[in-house]
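Undergrad: Mind docking these for me? Both chains are given alone in their own frames, and the hints should help you get the complex.
As you go down the protein sequences, you meet chains A and G in turn.
Mind the numbering: the first sequence is residues 1 to 148 in the working numbering, read in order.
Mind the numbering: the second sequence is residues 1 to 157 in the working numbering, read in order.
Simulated from the structure, these hints should not be mistaken for lab results.
Since we're looking at a predicted model, the values are computed, not measured.
Idealized CB from N, CA, C, for every residue including glycine.
Incorrect hints may have been included.
Taking lysine-lysine pairs in the DSSO-like style, the calculated list, with each CA pair at most 27 angstroms apart, reads [claimed, not checked]:
1) G:K78 / A:K99
2) G:K2 / A:K137
3) G:K67 / G:K102
4) G:K2 / A:K6
5) G:K80 / A:K99
Here are some chain G residues the structure puts well away from chain A; computed CB gaps all over 10 angstroms [to be verified]:
6) M1
7) G22
8) E65
9) I88
10) E108
11) D109
12) K110
13) I111
14) E117
15) A134
16) K137
17) G144
18) L150
19) A152
20) P155
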Amino acid sequence: MFWDNKYSILIFRLIVGGVFIFSAIAKIIQPLGFAQDISNYQLFSQDIAFFSALILPWIELLCGLSLISGIAIRGSSFLISGMLIFFITILIITLLQGKQIDCGCFGFFSHPVSWSLVVQDGVLFFLSLSIFFYSLKHSFWPKIKISH
Amino acid sequence: MKVFVQISRQSLIIILISSLIGLLINLSLIKKYLNQEVSSDFILLDKNLSISEITIFEAEDLFREEKALFLDARTEEKYKKGHILGAINLPLSKIKSPDDFKKIKLPEDKILITYCEGGDCRSSLYLAYYLIKAGYKNVKMLTGGWPGWLEAGLPWE
Numbered sequence: 001m002f003w004d005n006k007y008s009i010l011i012f013r014l015i016v017g018g019v020f021i022f023s024a025i026a027k028i029i030q031p032l033g034f035a036q037d038i039s040n041y042q043l044f045s046q047d048i049a050f051f052s053a054l055i056l057p058w059i060e061l062l063c064g065l066s067l068i069s070g071i072a073i074r075g076s077s078f079l080i081s082g083m084l085i086f087f088i089t090i091l092i093i094t095l096l097q098g099k100q101i102d103c104g105c106f107g108f109f110s111h112p113v114s115w116s117l118v119v120q121d122g123v124l125f126f127l128s129l130s131i132f133f134y135s136l137k138h139s140f141w142p143k144i145k146i147s148h
Numbered sequence: 001m002k003v004f005v006q007i008s009r010q011s012l013i014i015i016l017i018s019s020l021i022g023l024l025i026n027l028s029l030i031k032k033y034l035n036q037e038v039s040s041d042f043i044l045l046d047k048n049l050s051i052s053e054i055t056i057f058e059a060e061d062l063f064r065e066e067k068a069l070f071l072d073a074r075t076e077e078k079y080k081k082g083h084i085l086g087a088i089n090l091p092l093s094k095i096k097s098p099d100d101f102k103k104i105k106l107p108e109d110k111i112l113i114t115y116c117e118g119g120d121c122r123s124s125l126y127l128a129y130y131l132i133k134a135g136y137k138n139v140k141m142l143t144g145g146w147p148g149w150l151e152a153g154l155p156w157e
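Chain G extracted, bound-state conformation (with noise of 0.2 angstroms):
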């Protein structure tokens, strides 16, 4: 009975001052969201960073005309059982870090457009924005991803 008492007051102590750190450290960022200005895309306004959408018909004329690089954020997997044409797989287990394009040269010519599997999927944003802070600048995002390009029947190998 006595260790179930210490273990629950330790237990709570420790949620006590996680809230009260977590809350006051984060002040105005709750006046924020109070305020609703924290979007629902709560990434972008983290970062102060505006990772631009692309659609699948822009994004075919850019193909056509291939100004764009396609790069791949599923696993490897996905990846080898069908891609968008010409696309580099970067799976978001292989790239932690900015720095670790400092290894991967993109070209800086191309619009570099990323995608995942579509609807929900976070890593094609991931990858957007550890795109920019390695310091590309024409980073796109591809809404609707694989799927989309898939359902629009254009080129994948």
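The shape of chain A in the complex, shown without the other chains (with noise of 0.2 angstroms):
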């Protein structure tokens, strides 16, 4: 399959890492915007928006560099793909509420939720789990042998 060679599987590594790293850094200097954002969405409390706010953006930027850098790659694909579901569900569960907030995806860079996110994370999502299952069959560093 196309999507599983070494090729295909670092294109896949820069995209998904590339978004999440933009996508972290415009939260990172706007914690309290995004905070705002998570609010918005009316599904957690205050408490949980603020401080997930502090937090998951750092997740975000880390698993980034993460899949860029091939370091630790199975733990922060798998990281990635279950966010990724996390934002999908969400971003349903508002569209069929009828709701008309801003995603808050890429900090002020953001746009209103629409089914076209829906799918721009589903994008990611096949991407982030083909690394995934790539990186269980593949090691991304030669394993270093020290011999006597």
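TA: Dropping the structure here:
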């Protein structure tokens, strides 16, 4: 399959990693703006909105860096896939409720919640899942053997 | 099994490091939050901006005196279906940073009133925020938004 060779996986890593790093930095600069975006969904308490706004962007940043560098890629692609499932679920709930809010996806570069965002996150989910399954079979760094 | 342990370990380490960095960097903000100095309107405190609101009735007066320019922060589709008479459409999807306003010249002698879908919509707040950052001084946010304007039976097109 085209998504199962090292070149396509490298491209996937750059895309997903890049998106997560960009999105993370936009949120890290504006922690309270992001907290506001989370609380707009009206699905979480204010405390959860506040503290996850401080932590979540850093998880995104580290995962993004990990995907690109290839360090701890199994963990990061697993986490990113999990986060994307979470985001997609929240987006769908919000859309079904008919709420008109901004997604908060990229800090102040954010745009209103829409079905195209669900598709966009779905594509990212597919890419990160491909990276995850590829990483289970292959290693991104050569194993160092210490011999005497 | 070994792989499962490795995935859990890597994920946990990433979460732990991120939490530590996130909490440490924002220590002063957390202190403020715990002392309840952070209002529920996070964004206002964040930028130290005071974005003032304007009621439908106040806005109506300014509208009749032709002192205000209404800015519609909703999507183009919704704008086309109906908007406040004379309003300009500035959807958030098009305005992504204060720099974007350099291309769009807005009259500085008028009070700029942003509005969106009403209720909890935030796009008028974001738009007002961008306008202030872009250097406009007379910026207000319409409470009640588009539905409020319609309910009051005010002119639209």
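Undergrad: Hint by hint, note whether the structure agrees.
TA: Evaluation of the provided hints:
no., hint, result
1, G:K78 / A:K99, "15 angstroms, holds"
2, G:K2 / A:K137, "13 angstroms, holds"
3, G:K67 / G:K102, "22 angstroms, holds"
4, G:K2 / A:K6, "23 angstroms, holds"
5, G:K80 / A:K99, "20 angstroms, holds"
6, M1, "13 angstroms, holds"
7, G22, "4 angstroms, violated"
8, E65, "30 angstroms, holds"
9, I88, "18 angstroms, holds"
10, E108, "23 angstroms, holds"
11, D109, "28 angstroms, holds"
12, K110, "25 angstroms, holds"
13, I111, "24 angstroms, holds"
14, E117, "5 angstroms, violated"
15, A134, "13 angstroms, holds"
16, K137, "20 angstroms, holds"
17, G144, "14 angstroms, holds"
18, L150, "15 angstroms, holds"
19, A152, "20 angstroms, holds"
20, P155, "23 angstroms, holds"
Violation of the numbered hints given earlier is confined to hints 7 and 14; the remaining hints are satisfied by the structure.
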